[in-house]
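Given next are the chains, with one letter for each unit.
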Amino acid sequence: MAQTIVHDTHATHGLAHHEIETLRPDDLRSARRLMWIWVDTGLAIFALMAILGVTMRAEQAGWISFGPDVFYSILTLHGVGMISAMALATMGGIWYMMRLEGPLDERVAYWAYGFIMAGVAAVILSVFPGKFGAAWTFLYPLPFIGATWAPWATGAFLIGMMLVSVGWSIWCVQLLGCIMQRHGSLRDAMGWDYIFHNRAFTEAGKQPPSAQSFAAMVASIDGLLTGAAGMVIGVALLAHLFNPSMQIDPLWAKNVTYFFGHAIANLTIYMACAWVYVGVPRYAGRSYHTSVPLAVAWWGTLIFVLLAYFHHLYMDFAQAQALQYMGEAFSYMSALPTVVVTIFSCLMLVYRSKMRWTLGSIFIYTGLIGWVVGGIGALLDASIPFNNNLHNTLWVPAHFHTYLLGGVLLFVLGFVFMMLEERTGKSSAPALRWLVGTLVFGGMAAFLLGFYVAGAAGVPRRYAIEPAPGPHVASWATVGAIVMLIGMAVALVEGIRMATRKPQGRLS
Amino acid sequence: MARGPLVLPLFLVLAALAIAVMIGIALSTRASTLELSAVQGRAYALRRWWLSALVVVFAALFAITIPSFPYLKAAELTTAKHVPVTAVQFAFPIPAVLPVNTPIVFDVTSKDVNHGFGIYDPENRLLAQVQAMPDYVNHLAVNFTEPGKYTVRCMEFCGVGHAYMQATFEVR
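Order-wise, the sequence lines are chains A and B.
For the first sequence, numbering that gives the first Met the number 0 gives the first residue as 0, with consecutive numbering after it.
For the second sequence, numbering that gives the first Met the number 0 gives the first residue as 0, with consecutive numbering after it.
There could be a bad hint or two in this list.
[Said to hold, decoys possible] Covered by chain A, per the in silico footprint, the following chain B stretches (three or more residues, Cβ under 8 Å):
{"hint": "1", "stretch": "47 to 54"}
{"hint": "2", "stretch": "62 to 74"}
{"hint": "3", "stretch": "90 to 101"}
{"hint": "4", "stretch": "139 to 149"}
[Stated by the list, open to error] Each pair of labels, with its calculated beta carbon distance range:
{"hint": "5", "chain 1": "A", "residue 1": "Ile302", "chain 2": "B", "residue 2": "Ile63", "range": "33 to 41 Å"}
{"hint": "6", "chain 1": "A", "residue 1": "Leu224", "chain 2": "B", "residue 2": "Val99", "range": "25 to 33 Å"}
{"hint": "7", "chain 1": "A", "residue 1": "Gln320", "chain 2": "B", "residue 2": "Asp134", "range": "17 to 25 Å"}
{"hint": "8", "chain 1": "B", "residue 1": "Arg41", "chain 2": "A", "residue 2": "Val172", "range": "38 to 46 Å"}
{"hint": "9", "chain 1": "A", "residue 1": "Ala498", "chain 2": "B", "residue 2": "Val20", "range": "32 to 40 Å"}
{"hint": "10", "chain 1": "B", "residue 1": "Asp134", "chain 2": "A", "residue 2": "Trp356", "range": "29 to 37 Å"}
{"hint": "11", "chain 1": "B", "residue 1": "Asp134", "chain 2": "A", "residue 2": "Leu240", "range": "13 to 21 Å"}
{"hint": "12", "chain 1": "B", "residue 1": "Ser51", "chain 2": "A", "residue 2": "Ala498", "range": "40 to 48 Å"}
{"hint": "13", "chain 1": "A", "residue 1": "Ala467", "chain 2": "B", "residue 2": "Val99", "range": "24 to 32 Å"}
{"hint": "14", "chain 1": "A", "residue 1": "Ala467", "chain 2": "B", "residue 2": "Leu5", "range": "13 to 21 Å"}
{"hint": "15", "chain 1": "A", "residue 1": "Trp356", "chain 2": "B", "residue 2": "Asn123", "range": "44 to 52 Å"}
{"hint": "16", "chain 1": "A", "residue 1": "Gly441", "chain 2": "B", "residue 2": "Gly147", "range": "55 to 63 Å"}
{"hint": "17", "chain 1": "B", "residue 1": "Arg41", "chain 2": "A", "residue 2": "Trp356", "range": "35 to 43 Å"}
{"hint": "18", "chain 1": "B", "residue 1": "Glu122", "chain 2": "A", "residue 2": "Ile194", "range": "50 to 58 Å"}
No lab work stands behind these hints, which were simulated from the structure alone.
Glycine included, each C-beta is placed from N, C-alpha and C at the ideal position.
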């Protein structure tokens, strides 16, 4: 039986009521529609990519056999598709939150969405029917040597990635513009005076940017640099495609590619933070405000996200040694803002609170756990002595699946159910929560443990056919993934049921 | 040294600790409710301690791990036996026999795309690895202390034959 939600009174999406009410109902409805388009598209792509992911694990388990060429095409699509899915969903969510804080032109957001979807379409075309299979990393010169696909497929893939980068950059520019407009300057948007002249700032009656505004600012600044890197490597590889005599330095290409890939994958979780800042206080019935430690933490994240990528090149001994040292140091440092400020603050808000445990809050809270556990796996891998034995083993997908699947996706689902619960004024029945929780988290644990166990045993990643103990471990990991997807399907049915009910809640 | 087997229990212990703390905090919501102001003071004091502890742990980890960095090892071995390896899609041309208890430096490069040169010991544990990159030579220092059959596997995705790209050699 569904439970009626007792609304707390102090916050809606992290904003006071009067702030939301400054938006006209039509504008609010329109902004919410745009947000749902981004989020739903992200979730739909996730569902398709998850099926591809399970198919790959089944191939590695030896349950099915479709050959390495198809496997690597699927691997390529799965990698690009999943990051695009998580980026789309979190971009939609953070756009909506910033829209609640200030004016944002929806046409620009639709253009950004259009570019990204055109890019996704081009990538799909490159894989089916193009058979492109150089993985999302497309490390130069792999797309051009020994390829089992036609050159046009390489071109379609690179153009697709560049279109995604263009859409992403448009979104970043728009968001950064909105934040700067709201706070007057980049200096104020970053909370400079709030941090360094706090007393004068407070006495002047000024308000620092919201917590979610910091997340948006970091995502848009780092996102612009990331998008630029994506376009640079895309142009370089396209130039080589049309003029093979034009050579590229492989080490330079690897650095740019991983800078692009590492940052964009990590930014999805920092964007999802915006939902956490809103969701946790709301469910816990406690308020959460910007503080100096929070502002400083986001400054740290702004830097660390960009510089930790060097750990992807630990096994390139030709890389300058100083960069290897930086890779380990910045990887460690990148954990500090997360565990000392964001996650610590969330735990403080939950501790001995009147937390309402609904599907929305369970997903968000479990997402925090996934973030921490994935982070532990990542830190071990970022320690060079361990990396000697873990680099490019299944330990790598182990930790990034933990914080993308067990972190970002759960934050997305938490946000979706939070919105649905507010809309209907009700939460799901306890039995359904237990069913979804058991299937999703139980299946997810088995699926993820498979990666960790095989990674620690040295099984290389990206193998269509794995050495022992890979196939055995892949068998129970596949079962876990299927159980998890069944749980998510149950959650989907519940979400559709809630979305089609007559609105009764505050966001009706 | 193969640290793979060590890392899993370490990860599981740390993850279990983190999960236990977070579940404990979730369960605390069943107890009597406290005002946020009553929690904040202690929490902020705890946070200062937590930050200090993490900074110390990370700084110590960084210092402790530096001697295990593999980058200078090859240069230090001035009398080592050098074994050139030029990886190619999808094979590692490598001598069939290598000496036991002898410092060896593999001079690893690639003729075509990026590969990974991963050495597995006779118990199938990943012993050491380095990237094989066109236009660059990476020097990997290894001293095989146990005789037996070793396997080299590709550790960087290199195309449709990636999973089949391996070689074996005997250490005696």
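Checked hints:
{"no.": "1", "hint": "47 to 54", "in the structure": "holds (count 4)"}
{"no.": "2", "hint": "62 to 74", "in the structure": "holds (count 8)"}
{"no.": "3", "hint": "90 to 101", "in the structure": "violated (count 0)"}
{"no.": "4", "hint": "139 to 149", "in the structure": "violated (count 1)"}
{"no.": "5", "hint": "Ile302(A) with Ile63(B): 33 to 41 Å", "in the structure": "24 Å, violated"}
{"no.": "6", "hint": "Leu224(A) with Val99(B): 25 to 33 Å", "in the structure": "49 Å, violated"}
{"no.": "7", "hint": "Gln320(A) with Asp134(B): 17 to 25 Å", "in the structure": "19 Å, holds"}
{"no.": "8", "hint": "Arg41(B) with Val172(A): 38 to 46 Å", "in the structure": "43 Å, holds"}
{"no.": "9", "hint": "Ala498(A) with Val20(B): 32 to 40 Å", "in the structure": "35 Å, holds"}
{"no.": "10", "hint": "Asp134(B) with Trp356(A): 29 to 37 Å", "in the structure": "56 Å, violated"}
{"no.": "11", "hint": "Asp134(B) with Leu240(A): 13 to 21 Å", "in the structure": "19 Å, holds"}
{"no.": "12", "hint": "Ser51(B) with Ala498(A): 40 to 48 Å", "in the structure": "47 Å, holds"}
{"no.": "13", "hint": "Ala467(A) with Val99(B): 24 to 32 Å", "in the structure": "25 Å, holds"}
{"no.": "14", "hint": "Ala467(A) with Leu5(B): 13 to 21 Å", "in the structure": "20 Å, holds"}
{"no.": "15", "hint": "Trp356(A) with Asn123(B): 44 to 52 Å", "in the structure": "45 Å, holds"}
{"no.": "16", "hint": "Gly441(A) with Gly147(B): 55 to 63 Å", "in the structure": "41 Å, violated"}
{"no.": "17", "hint": "Arg41(B) with Trp356(A): 35 to 43 Å", "in the structure": "24 Å, violated"}
{"no.": "18", "hint": "Glu122(B) with Ile194(A): 50 to 58 Å", "in the structure": "54 Å, holds"}
Hint compliance for this structure: hints 3, 4, 5, 6, 10, 16 and 17 are not met, and every other hint is.
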